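Protein chains: 4
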Amino acid sequence: VTDHTSFDIAHLGNVELLTPTFGRSLWFFQDLLAMRVVAEKGDSVFLRTWDEYEQYTIKLTASDAAGVGRTSVRASSQEALERRVAAIEATGLGEGWVDGEVGTGPTYLFRDPDGHSFAVYYETERYEATDDKPALKNQASAFPGRGVNARRLDHINFLAKDVEANGRFLADALGMRESERIRNDDGKFAAWWFHFSLKSYDIVYSDDWTKHGNRLHHVAFATDTREDILKAADIFLENEIYIESGPHKHAINQTFFLYVWEPGGNRIEFANAGARLLLDPDQPVVEWSQEERKKGQAWGMKTIESFHTHGTPVVGS
Amino acid sequence: VTDHTSFDIAHLGNVELLTPTFGRSLWFFQDLLAMRVVAEKGDSVFLRTWDEYEQYTIKLTASDAAGVGRTSVRASSQEALERRVAAIEATGLGEGWVDGEVGTGPTYLFRDPDGHSFAVYYETERYEATDDKPALKNQASAFPGRGVNARRLDHINFLAKDVEANGRFLADALGMRESERIRNDDGKFAAWWFHFSLKSYDIVYSDDWTKHGNRLHHVAFATDTREDILKAADIFLENEIYIESGPHKHAINQTFFLYVWEPGGNRIEFANAGARLLLDPDQPVVEWSQEERKKGQAWGMKTIESFHTHGTPVVGS
Amino acid sequence: VTDHTSFDIAHLGNVELLTPTFGRSLWFFQDLLAMRVVAEKGDSVFLRTWDEYEQYTIKLTASDAAGVGRTSVRASSQEALERRVAAIEATGLGEGWVDGEVGTGPTYLFRDPDGHSFAVYYETERYEATDDKPALKNQASAFPGRGVNARRLDHINFLAKDVEANGRFLADALGMRESERIRNDDGKFAAWWFHFSLKSYDIVYSDDWTKHGNRLHHVAFATDTREDILKAADIFLENEIYIESGPHKHAINQTFFLYVWEPGGNRIEFANAGARLLLDPDQPVVEWSQEERKKGQAWGMKTIESFHTHGTPVVGS
Amino acid sequence: VTDHTSFDIAHLGNVELLTPTFGRSLWFFQDLLAMRVVAEKGDSVFLRTWDEYEQYTIKLTASDAAGVGRTSVRASSQEALERRVAAIEATGLGEGWVDGEVGTGPTYLFRDPDGHSFAVYYETERYEATDDKPALKNQASAFPGRGVNARRLDHINFLAKDVEANGRFLADALGMRESERIRNDDGKFAAWWFHFSLKSYDIVYSDDWTKHGNRLHHVAFATDTREDILKAADIFLENEIYIESGPHKHAINQTFFLYVWEPGGNRIEFANAGARLLLDPDQPVVEWSQEERKKGQAWGMKTIESFHTHGTPVVGS
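Residue numbers (our numbering), protein chains in the order written: chain A, 6 to 322; chain B, 6 to 322; chain C, 6 to 322; chain D, 6 to 322.
What the hints contain is simulated information worked out from the structure, not anything from laboratory work.
Accuracy of the hints is not assured; some may be wrong.
Where chains are identical, the list cannot tell them apart; a pair therefore holds if satisfied intra-copy or between any two copies.
In silico lysine-lysine, DSS-like type, Cα no more than 25 Å apart, as pairs [stated by the list, open to error]: (1) Lys216 x Lys142; (2) Lys142 x Lys307; (3) Lys216 x Lys193; (4) Lys193 x Lys142; (5) Lys166 x Lys142; (6) Lys300 x Lys138.
These numbers were taken from a predicted model, which means no experiment stands behind them.
Use the sequences and the hints to build the structure in full.
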């Protein structure tokens, strides 16, 4: 992976989630995560977290099966966007320009080798709060004070038939840098973490044991504190949301986490990184062996079995 | 201020603090903040926080008066370093190359118009833990589990006779971007916040009411949680460290904070930003008026008077 | 004050608050504190916190002025109730038996020398959750996951013309024990803290500088963590509730606190005691001098002036 | 179990722990829990937590095997002590009076049917801080600001061959009240929680699958916040202390918990109850069925298998 000292992509922009239980999934994001609906279009609603500076964070789309639709990233400038499109086209996996949705400008589409749909854009319309004006003007909208109060999108973890091939594609196409990875005894990558800028990860590939293609492991939202995540667990308990694992602390990248399944079946993580930032522009990748991973999570909890058996769409393994 | 979509400077590297009570100040950083001494040279010791990937974070130097010595920043690459040196030399305030200290490579020195000493370098020696090896290998050294457990340097706030002139210099010399500022009714900037990458601020200028020059408002360390800061207050209370203000939440940049004076008199902040990041590469600056600042801090606490009367070195006003 | 090794009164039961802005006060308790309305009667609504095992916690009553109505305490047994009624009658301040309200059994009324209305009862109807059934059956009702999520009533602080006389009355009438007190240089008590059982305080008297009589300093709700109180501050900020002081830590009894004024003007505290319990059955009282109180709160914040100028009802001083 | 409205026993006083690795166990309590040695006698040291108002909290004794020695409780008054001694003698399991140790007055010894050694006393010498004077005088000694900062003893959980018989004995002998219990499908109690005063539990019996007798499940310390417990996990991770389970939240009594094994093998819990108190003097017992317990802990984590295979002393099952 090439060493980069600047990032053409500023950050993960938004993610489309597919759900076979649209009404219940909407309740989950709107009522439990305190997200706000900003637009509706066809079978989709567009929802935003309170700290989202753009128009929306999640596009929720009714579908036959759970899974992930398009994942969009925002370029740092018009020039950066053009550099990235050129790089993507060189991979042969570009799909061309389309109009952006809900405040997003010209958008270039592409797919990773595993078939996940991606988009990159630069122009964006900042959110102007109306009845949700914040008390402090350096904040996108008012703190909702309801449920989990999901602050912002944090990262996405895709299942992929070939982690290494998809990771290399991502590094080339988006100029991402790797932060950590798991390499099995057979030399294959079990999972690979990539980041933009100071965040320790933004996009991750994990091995898809089904070799199906185009599947999701999870989407994560950032919370301000670990206490927010403990409180989230209480809220999910009361609301009969399936809590799969956590709260606990990952050994990899040291994130404090909670995993639940939204009603449609997609795995959703709530993540807190504390003050951990990847400040070093030449940060060496941290590689974990199969043996090391047997220790489980940071504080010794064994990694839950369903991490390796559940993904969306659910397919016969 | 020019719009930048990449940053030639990766982050604030280290800060030299001057103290007239060397032994007591060393106790403060070593025992209360759980920092580790990595080198001694002449009248100085070099201390590191547990999450510091480089050799050191603070150079503590015995002196007649409290204050700030040299502030060093790390460039993102050799090319970025060269670009910055060229930009600095163009300002006429460059001072030339010197050998770096304690693991730092070739270092270029300069001063801001107010007289603060700066250094920029790229090459650095990563810290290799010995008897302080961490349990998780993606961490620079073991979590000390003592006192405040200061995680990493967060930012520095300088007093300056002319906030605007120094801020513009910083933007030109280091390619920093502004995030927030206070503009008084007379049009002058009372304070100006600048950042690298996703952090909301790394270097700040505040008005020096004494017009003395080369003075420090405070140096800040990042903690993982707001709870760490509450615990820090208990620890400072027990150890008779003067707590000046907080814990509370800033309106500007929304940092949760605690200010104390280390035994030498320098103001030290402990800061937590939660999950707040400046993701937008075109983030518009947030400007606060004199009137707005009268509201005090985020939750209504009046800004403490000594914020505008105490700086180091202490000089007649 | 007599030494007691058992307590005839189990705990503070409920408090009636008077408000001149009934609708807005109801919104405060219902929407911001996540309390639930369980009954309405005349000009009053009865609201419960989610952890309230009885029917209600606060009786909110429309009135010309803010202030406190009746404060009720629950006896530990029928025999204990009878002992207390005998003790109260011996003071000459008993007012006789009435039927209880909203699930409360036979209730004996009395007044303290300052004129505050009190009630004591033993029989009570436990709350049976219906549509608010909790996921865990050892909890009174579901965790609301909204706003401040006020857990339970914690204590009440009355203003009194004569702190000492009222405190002695309380000790005699209810068998409370003192925990801490402030004694001014003139020998008079500025404030006196009394408790039942292991809690460090349940009822407090503070000096009423107006010498008006029957006034309230504040009513407090308990939260599980200090983080809950920090989050509460954000919620009050967004909802334009006046935050008077805090979050900070009291020196006296070491409670972590936040004070706001509900829309009707009554001061409301949110309090967290951590794991602090008064385990010692012979705990000596802790007395603070006027000089000691000048140090302010635990971490040095000066006690806010309006603590000594605002009470309800608001009266000319 | 008889209904009590007052408690002759004020609280759990101190616990003797036996360890086959005395030096390492001492390091655990002294360095990691920040406890202070107050006395040494023969093969034992006496250690105190910083919030202990008496002289000591844990008596640590070198022994061939791990396990629990004597558990002491403090009576509420001399009369209460005498009532308890009479009640104990009536059970036939009294062992008579001895001199107390390290500040404890006349002490009456007895054993529960399972063979665990108990003591009850009333007179005690309060701790007078010397070089550990606290900044706030309503605190037993200075907050150490080291490691886990264990605040106070919280509860003890004994293994017993016959949970029901031992529980009934405890209720009779000490006047404790039950709070929660697990009853298996065969009608037998799998575990039974008993409490004094407002705490939700102080002494617990769990089924000893080995039918050995006189064994320990765990001893617990209270922390102020859940964050303290998360931090504790980091500290135990760095210090190679075996973390058995947690941090997580119990369904039973809803305690936030972390279980580790101290170097001698005894299981130690760190527990936080939030603001949860058993205020109701007539609180009905909460009974959990075998089926209900299959749900695991509050947030769904399965109860770790070693909870039912590890106790001290370790014996062949």
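Evaluation of the provided hints:
Proximity of Lys216 to Lys142 under the C-alpha cut-off of 25 Å is found in neither arrangement, the shortest distances being 48 Å within a copy and 31 Å between copies. In this assembly of identical chains, Lys142 and Lys307 lie within 25 Å of each other by CA distance solely across copies; the values are 18 Å between and 44 Å within a copy. For a Cα distance limit of 25 Å, the shortest separation of Lys216 from Lys193 inside one copy, 14 Å, qualifies, whereas the shortest one across copies, 49 Å, does not. Taking CA atoms no more than 25 Å apart as the test, Lys193 paired with Lys142 passes between copies only; the shortest distance there is 21 Å, against 48 Å inside one copy.
Taking CA atoms no more than 25 Å apart as the test, Lys166 paired with Lys142 passes in neither setting, with 45 Å inside one copy and 28 Å between copies. In the homo-oligomer, the alpha carbons of Lys300 and Lys138 lie at most 25 Å apart only across protomers (18 Å), although the nearest pairing inside one protomer, at 46 Å, exceeds that limit.
Figure legend: structure checked against the earlier numbered hints; hints not met, in rising order: 1, 5.
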